[in-house]
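Same order as they appear, the protein sequences are chains A and B.
Just so you know, the numbering used here puts 466 at position 326 of the first sequence, and the rest follows in order with no gaps.
Just so you know, the numbering used here puts 219 at position 59 of the second sequence, and the rest follows in order with no gaps.
By construction, these hints were calculated from the structure, which means they are not laboratory data.
Be a bit skeptical, because a hint or two may be false.
[Stated by the list, open to error] Calculated pairs, DSSO-like style, for lysine-lysine (alpha carbon to alpha carbon, straight line, at most 30 Å):
| hint | chain 1 | residue 1 | chain 2 | residue 2 |
| --- | --- | --- | --- | --- |
| 1 | A | 421 | B | 198 |
| 2 | B | 297 | A | 412 |
| 3 | B | 198 | A | 441 |
Here's the letter readout for the chains.
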Amino acid sequence: MSEPIENLLSEAMDGDPRDSSEQDEFLDPADLNQVANGLVVHGLLLEWGERGSDQSERRIDRVMESIGGVGSKRNRRRSESRSGASSGKRSYIKVVSSLLAVAAVLSVIAFLAIPKSDLLAATESIETIISASLNSTDRTYRIHVVEEYSPAQLTEPMTSDARRKKETVDNATLVVRGSEKFVLMHAPISGDGRVAGCDGEQSWSFRNDSPVHVSSDLEKFRNSLPGSQHDLPLLDIQKHLTQIKDGYRINLIRGFKRGRNGETLSRLTGVKKSKEVRGPKEIEIWFDENAGSIHWMMLEKLPRGQGGPKSILLELVGQSAVADAFFSFRFHDDLDRRIVNE
Amino acid sequence: MLTAYLSSLLVDKNSMDDLFQEVMIVAWRRLDDCDLSKPFGPWLRGIASRLVMAEHRRRKLTPSLLSDDVRVAISEQFGKIDSKASDTWQDRSAVLRECIDALPDDRKKIILQRYLEDQSAQDVATKNDLTIEACKKRLQRARSRLVQCLQTRGLLLGEVLSHE
Chain A
141 MSEPIENLLS EAMDGDPRDS SEQDEFLDPA DLNQVANGLV VHGLLLEWGE
191 RGSDQSERRI DRVMESIGGV GSKRNRRRSE SRSGASSGKR SYIKVVSSLL
241 AVAAVLSVIA FLAIPKSDLL AATESIETII SASLNSTDRT YRIHVVEEYS
291 PAQLTEPMTS DARRKKETVD NATLVVRGSE KFVLMHAPIS GDGRVAGCDG
341 EQSWSFRNDS PVHVSSDLEK FRNSLPGSQH DLPLLDIQKH LTQIKDGYRI
391 NLIRGFKRGR NGETLSRLTG VKKSKEVRGP KEIEIWFDEN AGSIHWMMLE
441 KLPRGQGGPK SILLELVGQS AVADAFFSFR FHDDLDRRIV NE
Chain B
161 MLTAYLSSLL VDKNSMDDLF QEVMIVAWRR LDDCDLSKPF GPWLRGIASR
211 LVMAEHRRRK LTPSLLSDDV RVAISEQFGK IDSKASDTWQ DRSAVLRECI
261 DALPDDRKKI ILQRYLEDQS AQDVATKNDL TIEACKKRLQ RARSRLVQCL
311 QTRGLLLGEV LSHE
């Protein structure tokens, strides 16, 4: 293994994880298996070191508490003893070891003790977010492309416009106010420098090297927003959530994890009810139930058309109010570009 | 084994509980999608891999080592470990323990301190009068030796390379 790769591996396993990201060593195919083996042994050693502590048991209890408040050891033992009732599960429980024991316990609980979906609570939560969003402040999201379709998976060749979208949407910043005003700033690293927006009276868009295109059609330049090609009204949270409520099988897990600032985030998941519903196959929303604010929104398995990404993540990075003028192109056009009305 | 897999994907200790929980809950929610006639482990690891990469990305800490190819290779190794169906975790850990015992004393000592006593590399270095760089190098070599031992014992895939 080359020394830089060895150092990188060592740093990843024994160093500060914050230092292990922004490095860009080329991984020679010959090093690939050795890197993988090093990581596997590291994982086995960590698990081995942890065995004997009560860590594993605490994790399982926590999972069970999350999925229905039945996480006590007593309940778990009772569920395990009743696992014979689920004969369809028995065969694979035999095949696997500790990993599967955890999953088996969960599946037994799922069948015997917990309603599959607390639809009412999930629906109420959507309504909470909707009502909070009506009074919400400005929201700033960072857009991450989590997964792309490979060229082979695309049903049709990408148009140049679609290719451009694919190249630039990752790491873009989206500032939203209400259901109409927005500014989408593509990451400067893309070299594109495109900015698009709408101030509620006109929509606009320009690139580094282009005039400002302006239109009274407020939806004219929304096509650069992820999901726009699938009728996903990301700007209009109310409409978006209503769409999810109607078109998706939804499920809610309350108090799922802590947010960055210590908020308790609940997790709302949705799976599309049918192919007739437009939009991603699955949606996950992590939100602060008290404030009604969405912290992360994952759109998974977006339809393949037009070369958009397969999965995207919207991460809330700020809720500070921005000036009204921010939504006008004049705020961003520091070169006094020519204006083209469309 | 799920925690071993998550650790292989460089999930740090602070995120482990949350990710473990998340994987299990997603697996529970999607249990209907699981084809029980096929091995369960790869399905669960597929869920785990996606969630881990999303988490790395969310924290802007995606390790450059975790390329798609490396993740596939890691999954294959865990598939190999799974395929020893009659083995329990105790059997596997016995093999691992034997390999640790076969290490030279100085390397065995730091591996035990690092993993069994859950000390940071910096603490291990201090205890052993080593610079942090020397300690990391020694840990790295010890792990390489363990890889070879586990390959020889059939727990890991791959040809046995002898170097150092």
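Here's how the hints hold up against the structure:
The suggested pairing of residue 421/A with residue 198/B holds, with an alpha-carbon distance near 23 Å, which does not exceed 30 Å. Between residue 297/B and residue 412/A the alpha-carbon distance is near 50 Å, which puts this suggested pair outside the 30 Å criterion. A distance of roughly 23 Å separates the Cα atoms of residue 198/B and residue 441/A; the hinted pair therefore holds under the 30 Å criterion.
Hint check: a violation occurs at hint 2 only; the rest are consistent with the structure.
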